[in-house]
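A.B. asks: The residues making up each chain are set out below.
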Amino acid sequence: MLTISEIANLVKGTVEGPSDLIINGLSKIEEGVKGSLSFLHRSDYEPFIYTTQSSALLVSNEFIPQQPVNVVFIRVANPYLAFNSLLEIFYPPSKHKIGIEKQSHIAEGVEVGVEVYIGAFAYISEGCKIGKGSKIYPNAFLGKDVIVGENTVICPNVVVYQNGIIGNQCIIHSGCIIGSDGFGYTQNAEHQSVKIPQVGNVIIEDFVELGSNVCIDRATLGSTRIGRGVKLDNMVHIAHNVRLGENTLVAAQSGISGSTDIGKNCMIGGQVGVVGHIELADFTQIGAQSGVSKSVTEKGTVLRGAPAQPLREQLKIEAMQRQLPDILQRLNNIEAKLKEILKK
Amino acid sequence: MLTISEIANLVKGTVEGPSDLIINGLSKIEEGVKGSLSFLHRSDYEPFIYTTQSSALLVSNEFIPQQPVNVVFIRVANPYLAFNSLLEIFYPPSKHKIGIEKQSHIAEGVEVGVEVYIGAFAYISEGCKIGKGSKIYPNAFLGKDVIVGENTVICPNVVVYQNGIIGNQCIIHSGCIIGSDGFGYTQNAEHQSVKIPQVGNVIIEDFVELGSNVCIDRATLGSTRIGRGVKLDNMVHIAHNVRLGENTLVAAQSGISGSTDIGKNCMIGGQVGVVGHIELADFTQIGAQSGVSKSVTEKGTVLRGAPAQPLREQLKIEAMQRQLPDILQRLNNIEAKLKEILKK
Amino acid sequence: MLTISEIANLVKGTVEGPSDLIINGLSKIEEGVKGSLSFLHRSDYEPFIYTTQSSALLVSNEFIPQQPVNVVFIRVANPYLAFNSLLEIFYPPSKHKIGIEKQSHIAEGVEVGVEVYIGAFAYISEGCKIGKGSKIYPNAFLGKDVIVGENTVICPNVVVYQNGIIGNQCIIHSGCIIGSDGFGYTQNAEHQSVKIPQVGNVIIEDFVELGSNVCIDRATLGSTRIGRGVKLDNMVHIAHNVRLGENTLVAAQSGISGSTDIGKNCMIGGQVGVVGHIELADFTQIGAQSGVSKSVTEKGTVLRGAPAQPLREQLKIEAMQRQLPDILQRLNNIEAKLKEILKK
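Protein chains in written order, with my numbering: chain A, 1 to 344; chain B, 1 to 344; chain C, 1 to 344.
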């Protein structure tokens, strides 16, 4: 519980209205209740500020209400960032456990750092190393010789196959499968698929977060590599020998095919497919549901569509598609007129 | 084993042919064997009735065969529903277990109702409550303070993160991840992603069924909410703060982005993507593989395509696309004729 | 460690350069180091042969370098196959464990063959049979009456529901869910979904490999059937009553809807959707991200697009779409000219 003026101090804001009201929680603007603080970030949520039951509202320094409001304003440069900074104060993250639960399985010789948690039914194979402060939740499986860095969280039911390497400060959400075999076969004369041995591994650098049920395949040879600070949303598929550059973001249900090399700071929307053996330059942005089939060489290119085009071209094409019935009508008219002209 | 006349009684049908034959199982029409009962529901399966080995066939009251048949008809109003009602009679569901298996982990103070099953290697954290008659299968994980209602089935290897609430009479299939963190970051000046704390939860109301490997993210703040009677197919992705209204159905591999509010009784096809922060009216229907980027305000709207259009428009556009080569040809002809005219 | 001439003997190749150099590992051409052997398979990787640090290179008999090279050539008919055959020699697969770990749960009466491995926290229900040499990894769950053939590997955290049958020599990667209920409901008068009992099972024939987090639903009645030699990539969805013919390949994140019957030796790209109740002929090929809504009757048909068209048609349509802005311009020109003509 904090007063409005205490909150204003924390976020370096200025108060418009009574500053001694008590705030005891945060809420979205459309779910505000007495005693809660909300924020206005997107202009399409503005109508809610005239009806919200929240006691206080973070708004931008420039915001001018179009109607009278019944809520205290705290004006800040960026209401979204200010609100996020308050989340951790009002809802401090629950402490992770420390210690090794009895029903876990830890092979002989595994190296375990201080302040580590290993939950019941977690299975740690021979040769593993788990760094200081890392947490291995129940029902997780670490294969032979897996290395987990420091202060990394492996959530329940994660599987890391043999030789996987996971850095420091990572969060691997439940159901992720790291290091299963890539989809690699050759066809024999009878059209049967002969498995190509997948003998590489997966390397996940520091500060990576993987959403639920993400699949990252081991390299055929060498390493599939997830760069520092990469964030993948739920159910992303990363094929063998892919590389994702630092800080790249991939939204849910997208898939990157084998041996593709994606640059730093790229942003890839949801349900995107990227073919194998291409390269995307740093800062490439791909719209949702796109299909990318060619390398992108220019930094900061924005693509959309399937097959993906530069955004401008794609928007033109999409607009044209909606005009197709009109185009056909015009074509009919022209042909009719021509016929008349030629009759004369 | 039932006679045809006993079955006819159960489904309130009328028999055409010998009614004392014994039926000892059910089968699809194309897989019929002597002694089995099948049904004809879709007209494209009609050819099978002239070749099926089944002994009896549920057909509609109106059905008129085009050739002689060698199978007893049981005529009913709706053969599909009649057949489904027989499924439970011929194949009674296997009884769930009751009791707590020794190798499970149940934290102190967990409340467990009567007739509950908790399988080996299931992990139930502090503060959980499990209602009467619910079943927690092996290798499932319930985080801190998870509440499971009555007569709900949590299949093997499901993960429910802390504070998740699951209603009564739900079925959560294997591999579902409920309540992992939403995909929420802000970018700092170095283009790194700074995690926004995800402090809300997931609420699943009564009578919900989730297919395998479904992912539902916790809300940033407040609750991601899955309405009463919702059914999700395998690998559906539900992002943070989404709401799904009562009885809505979502087919496999679709994804709903953050804060989107989907009405009651909607039907969403497979591999659909819906952007964040929009609303879909009740009874909206979305065709498979569509990409929905705008709110739908009118009840019962039917959309298809990417970007999704009203079905009628979309069908026109798709038809036109197939005509494009023809359109180009006509354009060439017109230009040739014009040239001639202008020469004169 | 082998000499170049020993390797040339193994792959039946001819050496160009010093044949007594020692090779101690394999590497991709772009990651070559001293002592490693690489291969040149795709012409777009040719530039690397002039800069690679590898000591030796498998190239085709016909290959003619365009610049001087600093690496020993081993010429063979197919460098790719030759390289794959060396992978198993340089990186012999790690031996699977044998034996039953104490913390596993094996119901009374389960039949377990010789040389089987059952890991800790694996749960084997009543009535299961596990064939000779098969491996059930930790945290896997086999429901009632599941049958696993010989020399099959069930990776960690796999779930097989009751009555599932898995053949010989299969590899089921982590997180696969085999035999959960299909997505089958009827609607009652209140628009609620009434579950159709799903009483069939899943049959997986011999030599099948399933990628991570694949979901295969049990049949409503009868069996969902995965043919001998089928390979599915990560997160493929197979609905109830689907059949996949022998040797068919399905790339990541594709989904096959209920009761569809796919022929032998088909190749289905990534993120493809196939509607229910259709048939695809043997050797059908479907491009990535396609949407297939009609049966394919001709063997060897190649389809692409959504809705999928024969490849030739689809390429034409895609080319035309890119010409749309040009088409519109031409239309404008024609209309202007016509106007002028009609003025005269």
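If you're looking for bench data, these hints aren't it; they were derived computationally from the structure. Keep in mind that a hint or two might mislead.
Which copy? The list can't say, so a pair holds if one copy fits it or any two copies do.
In silico PhoX-like links for lysine-lysine, alpha-carbon gap of 25 angstroms or less [unchecked claim]:
1) K12 <-> K299
2) K195 <-> K95
3) K132 <-> K34
4) K337 <-> K299
5) K337 <-> K195
6) K294 <-> K264
7) K129 <-> K102
8) K337 <-> K129
9) K264 <-> K195
10) K12 <-> K129
11) K97 <-> K264
12) K144 <-> K102
13) K95 <-> K339
14) K95 <-> K129
15) K97 <-> K195
16) K339 <-> K195
17) K132 <-> K95
18) K12 <-> K294
19) K97 <-> K316
20) K102 <-> K195
A.B. asks: Each hint: holds or not?
C.D. replies: Here is what the structure says about each hint:
1. Within a single copy, K12 and K299 get their C-alpha atoms no closer than 36 angstroms, and across copies no closer than 45 angstroms, so neither meets the 25 angstroms cut-off.
2. Within a single copy, K195 and K95 get their C-alpha atoms only as close as 45 angstroms, which misses the 25 angstroms cut-off; across copies the closest is 17 angstroms, which meets it.
3. Taking the shortest Cα distances, K132 and K34 never come within 25 angstroms of each other, neither inside one copy (43 angstroms) nor across copies (36 angstroms).
4. For a Cα distance limit of 25 angstroms, the shortest separation of K337 from K299 qualifies neither inside one copy, at 49 angstroms, nor across copies, at 43 angstroms.
5. In the homo-oligomer, the alpha carbons of K337 and K195 never lie at most 25 angstroms apart, since the shortest distance is 64 angstroms inside one protomer and 60 angstroms across protomers.
6. Only within a single protomer do K294 and K264 lie at most 25 angstroms apart by alpha-carbon distance; the minimum there is 17 angstroms, versus 31 angstroms between protomers.
7. In this homomeric assembly, K129 and K102 come within 25 angstroms of each other (Cα to Cα) both inside a single copy, at 19 angstroms, and across copies, at 23 angstroms.
8. Taking identical chains as interchangeable, the C-alpha atoms of K337 and K129 are never at most 25 angstroms apart, the minima being 81 angstroms within one chain and 78 angstroms between chains.
9. Proximity of K264 and K195 under a CA criterion of 25 angstroms is satisfied inter-copy only: 18 angstroms between copies versus 32 angstroms inside one chain copy.
10. Taking the shortest alpha-carbon separations for K12 and K129, neither the intra-copy value of 44 angstroms nor the inter-copy value of 42 angstroms comes in at or below 25 angstroms.
11. Proximity of K97 to K264 under the C-alpha cut-off of 25 angstroms is found in neither arrangement, the shortest distances being 34 angstroms within a copy and 40 angstroms between copies.
12. Taking the shortest alpha-carbon separations for K144 and K102, both the intra-copy value of 21 angstroms and the inter-copy value of 19 angstroms come in at or below 25 angstroms.
13. Within a single copy, K95 and K339 get their C-alpha atoms no closer than 81 angstroms, and across copies no closer than 77 angstroms, so neither meets the 25 angstroms cut-off.
14. Taking CA atoms no more than 25 angstroms apart as the test, K95 paired with K129 passes in both settings, with 23 angstroms inside one copy and 21 angstroms between copies.
15. In this assembly of identical chains, the alpha carbons of K97 and K195 lie at most 25 angstroms apart only when taken from different copies (21 angstroms versus 42 angstroms within one copy).
16. Taking the closest pair of Cα atoms, K339 and K195 never come within 25 angstroms of each other, the shortest separation being 64 angstroms inside a single copy and 61 angstroms across copies.
17. Taking the shortest Cα distances, K132 and K95 sit within 25 angstroms of each other inside one copy (15 angstroms), while across copies they are farther apart (30 angstroms).
18. When the C-alpha separation of K12 and K294 is checked against a cutoff of 25 angstroms, the pair qualifies neither within a copy, at 47 angstroms, nor between copies, at 36 angstroms.
19. For a Cα distance limit of 25 angstroms, the shortest separation of K97 from K316 qualifies neither inside one copy, at 55 angstroms, nor across copies, at 59 angstroms.
20. For a Cα distance limit of 25 angstroms, the shortest separation of K102 from K195 qualifies neither inside one copy, at 39 angstroms, nor across copies, at 33 angstroms.
Hint compliance for this structure: hints 1, 3, 4, 5, 8, 10, 11, 13, 16, 18, 19, 20 are broken, all remaining hints hold.
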